[in-house]
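2 protein chains.
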Amino acid sequence: MHKFTRSLLTEWRRLGLPFEGETVVAAVSGGADSVSLLLAFSDLGGRKKITNELIVAHFDHGLRGRASEADAEFVKALAMELGLRFIGGKGKIATRGNLEQNARRARYKFLERAATETGAFAVVTGHTINDQAETFLFNLVRGSGRGGLAAMPPIRALENGSETLLVRPLLRWAHRADTEDYCREMNVEPRKDAMNEDPAFSRVRIRKEVIPLLAELNPKVVDTIAQAAELLAEASNSEINTEAEHLPAAELAALEDPALRSVVRTWLGNRRGNVRGLTLKHIEGVVRLVKSRKSGRVAELPGGERVTKSGGRLIFTAGGEVKEA
Amino acid sequence: MHKFTRSLLTEWRRLGLPFEGETVVAAVSGGADSVSLLLAFSDLGGRKKITNELIVAHFDHGLRGRASEADAEFVKALAMELGLRFIGGKGKIATRGNLEQNARRARYKFLERAATETGAFAVVTGHTINDQAETFLFNLVRGSGRGGLAAMPPIRALENGSETLLVRPLLRWAHRADTEDYCREMNVEPRKDAMNEDPAFSRVRIRKEVIPLLAELNPKVVDTIAQAAELLAEASNSEINTEAEHLPAAELAALEDPALRSVVRTWLGNRRGNVRGLTLKHIEGVVRLVKSRKSGRVAELPGGERVTKSGGRLIFTAGGEVKEA
Chain A
162 MHKFTRSLLT EWRRLGLPFE GETVVAAVSG GADSVSLLLA FSDLGGRKKI
212 TNELIVAHFD HGLRGRASEA DAEFVKALAM ELGLRFIGGK GKIATRGNLE
262 QNARRARYKF LERAATETGA FAVVTGHTIN DQAETFLFNL VRGSGRGGLA
312 AMPPIRALEN GSETLLVRPL LRWAHRADTE DYCREMNVEP RKDAMNEDPA
362 FSRVRIRKEV IPLLAELNPK VVDTIAQAAE LLAEASNSEI NTEAEHLPAA
412 ELAALEDPAL RSVVRTWLGN RRGNVRGLTL KHIEGVVRLV KSRKSGRVAE
462 LPGGERVTKS GGRLIFTAGG EVKEA
Chain B
162 MHKFTRSLLT EWRRLGLPFE GETVVAAVSG GADSVSLLLA FSDLGGRKKI
212 TNELIVAHFD HGLRGRASEA DAEFVKALAM ELGLRFIGGK GKIATRGNLE
262 QNARRARYKF LERAATETGA FAVVTGHTIN DQAETFLFNL VRGSGRGGLA
312 AMPPIRALEN GSETLLVRPL LRWAHRADTE DYCREMNVEP RKDAMNEDPA
362 FSRVRIRKEV IPLLAELNPK VVDTIAQAAE LLAEASNSEI NTEAEHLPAA
412 ELAALEDPAL RSVVRTWLGN RRGNVRGLTL KHIEGVVRLV KSRKSGRVAE
462 LPGGERVTKS GGRLIFTAGG EVKEA
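Protein chains in written order, with this note's numbering: chain A, 162 to 486; chain B, 162 to 486.
Just so you know, the hints here were simulated from the structure itself, not pulled from any lab data. A portion of the hints provided could be inaccurate.
Stated by the list, open to error - So these bits of chain B aren't anywhere near chain A, every CB distance computed over 10 Å:
hint, residue
1, Leu-170
2, Leu-224
3, Lys-237
4, Asn-259
5, Thr-277
6, Thr-279
7, Gly-304
8, Asp-342
9, Asn-357
10, Arg-366
11, Ile-386
12, Ala-389
13, His-407
14, Gly-465
Said to hold, decoys possible - Label pairs and their in silico Cβ distance ranges:
hint, chain 1, residue 1, chain 2, residue 2, range
15, B, Gly-480, A, Asn-321, 45 to 53 Å
16, A, Glu-404, B, Glu-395, 21 to 29 Å
17, B, Ala-231, A, His-336, 25 to 33 Å
18, B, Val-365, A, Glu-261, 51 to 59 Å
For each residue, glycine too, the CB sits at the ideal point set by N, CA and C.
In isolation and in its complexed conformation, chain A is listed as follows (with noise of 0.2 Å):
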């Protein structure tokens, strides 16, 4: 198996996502970071190492004529090649106000349809580690509050209230340039994307000015940006200690989502010793046991596990036999 698609499956296995049964919708650009994605993801499901359903998403703004019905097309012939159903999107996007924030919704939007008409748990797209660095300095140099300069994690609602996850599985471990290589090996060429070459685009002047600057200074400076990052997400998520043997239910429930299940992941693996066999499911039990107002309901884990919700903490009992789920 390729280092990159090896990646893949330990990261997806960290994040405690669902290896079968389920529909993932890849959100694929045709550039090469969701193009990797999608290869990697493919080739796992080859190797019947994760065998949800992948569906290929592509949303085609229209801003850039020829060009993005060329990369639609390139998409959809990627996915057929690779056995995959297809959904594409067209949007008008408004050009008033801020175009890059117009298109996002819109494709967002897409998304979330396209994963709520096919079942599917979760989009996943191709962020990396450079995105994650980039989007530091982009809200640092606009002026943002201290959520603007914590990391991007890994997994969180996809929109506000959604029930899809939003997943990105190559954020905390793949450069860039690891998804072009991989891309390269694969012997598939990706599409580029103009408007991720039009200087008028501060976040194209970070890419291409700012960090290639500062890596005169520091040539490991996405990473080292990528972990202040982190450092910052965890120190606000550090009021609840996942070390404990208890967690608070009513500090809990005042989390938002994505945070909320960061925290309840982590505490299960601390009491665990590991997530193995974790799915969202199960976090989703616990979750829906946080929101309850109902004292004594269970969330059943692998094994015979269980949290149960007393006197306003939660609680982990281990099963009496432990299996792999």
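On the provided structure of chain A, position chain B as indicated by the hints.
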């Protein structure tokens, strides 16, 4: 009064520092930042606004031969012209290891000695908002814990365990350009440090290449980054609620010195409605109270106000009659 001088006076008051009867050592390199600070303090002295004894200290790192000597002569002549006592120091800086760090260590040791010998309660330096932003970027790029991204405080102990304060009264409002403008308007031409122009130093490249590039994306980027640093500094002190009626003594005692003083000052400001009349001696009295193991002790504040420690808490009591100190 010049706007620069007035801003310095306002900040000095806001920091709760003494206006008379104390000695202050001004660390003056000869550059625009420290020269502007010296000129403004001298102006405030002439106007009887701050009548502390001002002593000019200059450390010759001896790293640039004749230029170093010329800097020292310039600062000495300026001190004489202003009728201020001058203390010069000269050191042999180890060129092994980190030159900037070695130079800084020798300089701080000299300043500490100058303060101790003259009975000064504080050393003041000319750090500006630009230094704040540059330090943030320097630590971000180099990689450092969360502490490295938190803003430099305007007041801290000069060295670990030192009784002398390091006060940076320009840090929160003055840009480097303001210090240059002020020197020009006062008809003083500051010295230029060749080391501040040498691109072999990361700090120099951050100042001369990174910040100008970021300023193309946001002309106010220096303020924006300094603000981010402030937010992160607040976050790391945020466990103690300075809006509360009482402060928990044990948690306070666990704080490092500069953070402890800052929390005490903020809390007193909240309880009193302002920090008028609060001098360093008052803050120190409360700090001693925090560090004392005995209960029932009292720290006196202006106008009969007092802070007592009881039941592990600090309690503020308003005076019967509030006078300005």
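Hint-by-hint comparison with the structure:
| no. | hint | in the structure |
| --- | --- | --- |
| 1 | Leu-170 | holds, 29 Å |
| 2 | Leu-224 | holds, 22 Å |
| 3 | Lys-237 | holds, 36 Å |
| 4 | Asn-259 | holds, 15 Å |
| 5 | Thr-277 | holds, 37 Å |
| 6 | Thr-279 | holds, 39 Å |
| 7 | Gly-304 | violated, 4 Å |
| 8 | Asp-342 | holds, 25 Å |
| 9 | Asn-357 | holds, 17 Å |
| 10 | Arg-366 | violated, 6 Å |
| 11 | Ile-386 | violated, 6 Å |
| 12 | Ala-389 | violated, 6 Å |
| 13 | His-407 | holds, 21 Å |
| 14 | Gly-465 | holds, 39 Å |
| 15 | B/Gly-480 / A/Asn-321: 45 to 53 Å | holds, 50 Å |
| 16 | A/Glu-404 / B/Glu-395: 21 to 29 Å | holds, 25 Å |
| 17 | B/Ala-231 / A/His-336: 25 to 33 Å | violated, 49 Å |
| 18 | B/Val-365 / A/Glu-261: 51 to 59 Å | violated, 34 Å |
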